[in-house]
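Enquirer: Sequence:
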Amino acid sequence: MNITNFLKHHYRHFNAAALIDAAEAYKSHLDNGGKMMVTLAGAMSTAELGISLAEMIRQDKVQIITCTGANLEEDVFNLVAHDYYERIPNYRDLSPEEEQDLLERHMNRVTDTCIPEMEAMRRIESVILEEWQNADKAGESYFPHEFFYKILLSGKLDDSFQIDPKDSWLLEAAKKNLPVIVPGWEDSTLGNMYAGHCISGDVKDVHTVKGGIQYMMYLADWYTKNATADNRIGFFQIGGGIAGDFPICVVPMLHQDLQMDSVPLWGYFCQISDSTTSYGSYSGAVPNEKITWGKLGLDTPKYIIESDATIVAPLIFAIVLEQ
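Numbers in my numbering are just positions in the sequence shown, counted from 1, shifted up by 897.
Read the hints as simulated data drawn from the structure, not as lab findings. Where hints are given, some of them may not hold.
[Unchecked claim] For each label pair, taking beta carbons as the anchor points, the in silico distance ranges come out as: (1) His1003 / Ser1097: 15 to 23 Å; (2) His1104 / Tyr1179: 25 to 33 Å; (3) Asp1009 / Ser1057: 18 to 26 Å; (4) Glu983 / Lys924: 35 to 43 Å; (5) His1104 / Ile1208: 36 to 44 Å; (6) Asn899 / Asp1056: 34 to 42 Å; (7) Asp1099 / His907: 52 to 60 Å; (8) Gly1191 / Asn929: 20 to 28 Å; (9) Asn912 / Arg1019: 36 to 44 Å.
Virtual Cβ for every residue (Gly too), placed ideally from N, Cα, C.
Work out the full structure: start from the sequences and follow the hints.
Expert: The following block contains the structure:
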């Protein structure tokens, strides 16, 4: 029995049924000529979602990605330093003293996984700093993801790969020159490093790396060129926060601020989240709330799966990929 048949046989009710419904609607959206944005919050790259997401990119099941700065860089960290990572399955039992020991060993913990500072973060810093400085001296500016595309496609890191490169979603995205939106990139390890290099004068022009307003302009241009009444854009949201809220707002911005009434609403919406419905929380807001903001319409297929994205997303991708 393949994955899809297993899921359809066993996943019949509640969040399990919502998973099947969302996956089937994802497939229908693409089959009807639509395109799909996937948004990545949390630590999906450190959770190695790239194993399934990279295949989705290869098979043209994803046309644009929005992610946090952490997810952008952590896919590459894992690509070049996987052998140095440490898994700590008993992380809930760690004492403050044991956490301090991890700090002193330069092992930055993300739940049950420790990212090695020297082998991952500093290795990428030394390579990308050269690109920042080259652009700075030339008076050029690029988006954060474009700098990553440069270092990945240059071949400079090839000898450092410690996982099968086909499991890196960012490398697959770079090969296709996939549009990537990274709102709030400043809130990332390399964003902090970039600020430090600007303060120290290693990079003279802080605008060498483009920021969030330019990303929204870039997204608005992409959306207006790709969204039509017959071929709408879907929104597959993993987690919440800025990775989800920033890009979904492009539609009301086009309608309300630019008066572009002919631009279609998002044509599909699914959110995987373990955030409980709560007061004032974007991540905990039910999809219908987005109707009031002009993000989704009455007829937009809407799904919410209240579960762990590290479990749910690969299963949905398996159905979409017909595995």
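Enquirer: Against this structure, judge whether each hint is valid.
Expert: Verification of the supplied hints:
no., hint, result
1, His1003 / Ser1097: 15 to 23 Å, "21 Å, holds"
2, His1104 / Tyr1179: 25 to 33 Å, "28 Å, holds"
3, Asp1009 / Ser1057: 18 to 26 Å, "24 Å, holds"
4, Glu983 / Lys924: 35 to 43 Å, "38 Å, holds"
5, His1104 / Ile1208: 36 to 44 Å, "41 Å, holds"
6, Asn899 / Asp1056: 34 to 42 Å, "37 Å, holds"
7, Asp1099 / His907: 52 to 60 Å, "55 Å, holds"
8, Gly1191 / Asn929: 20 to 28 Å, "23 Å, holds"
9, Asn912 / Arg1019: 36 to 44 Å, "41 Å, holds"
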